[in-house]
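Start from the sequences, fold in the hints, and give me the full structure.
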Amino acid sequence: MPSIDLLIENDDIVLSSIGEPLLVEGVNCVAQDIRHMIIEKGYAWRMIGERNPVKIAAICKEIEIEMENDERIYPGTADVYLDGESLICEAQTIAGEKITVIV
Numbered sequence: 696m697p698s699i700d701l702l703i704e705n706d707d708i709v710l711s712s713i714g715e716p717l718l719v720e721g722v723n724c725v726a727q728d729i730r731h732m733i734i735e736k737g738y739a740w741r742m743i744g745e746r747n748p749v750k751i752a753a754i755c756k757e758i759e760i761e762m763e764n765d766e767r768i769y770p771g772t773a774d775v776y777l778d779g780e781s782l783i784c785e786a787q788t789i790a791g792e793k794i795t796v797i798v
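Numbering (the working numbering), first residue to last: 696 to 798.
Check the hints yourself; a few may be wrong.
[Said to hold, decoys possible] Simulated restraints on C-beta separations:
| # | residue 1 | residue 2 | range |
| --- | --- | --- | --- |
| 1 | E715 | T772 | 27 to 37 Å |
| 2 | K750 | L717 | 35 to 45 Å |
| 3 | R746 | I708 | 11 to 21 Å |
| 4 | L717 | N747 | 36 to 46 Å |
| 5 | G791 | I734 | 23 to 33 Å |
In short, the hints are calculated from the structure, not lab data.
For each residue, glycine too, the CB sits at the ideal point set by N, CA and C.
Here it is as structure tokens:
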């Protein structure tokens, strides 16, 4: 079953020029859901100001596990790491498409 959701940007629904909500589907929908999961479950907040590499690695592993619990993600393909100040989340979907989410 294809993934379809409302398009959210800057914590708000994106509307068309005539005021109808825009939709996001497929790999972009999965990426949006992962981004929201990271924020809603508090992973992003826990990373702010954290300098202990062991704690950072543990949070990244928690996010990977949470990503792989999504039935749309191919098991064993989730990878989460810090690149500077950005949290990078990558995975392969069941449909064979690569997802990269930057938080």
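Going down the list of hints, with the structure as the test:
| no. | hint | result |
| --- | --- | --- |
| 1 | E715 to T772: 27 to 37 Å | holds (35 Å) |
| 2 | K750 to L717: 35 to 45 Å | holds (38 Å) |
| 3 | R746 to I708: 11 to 21 Å | violated (36 Å) |
| 4 | L717 to N747: 36 to 46 Å | holds (40 Å) |
| 5 | G791 to I734: 23 to 33 Å | holds (27 Å) |
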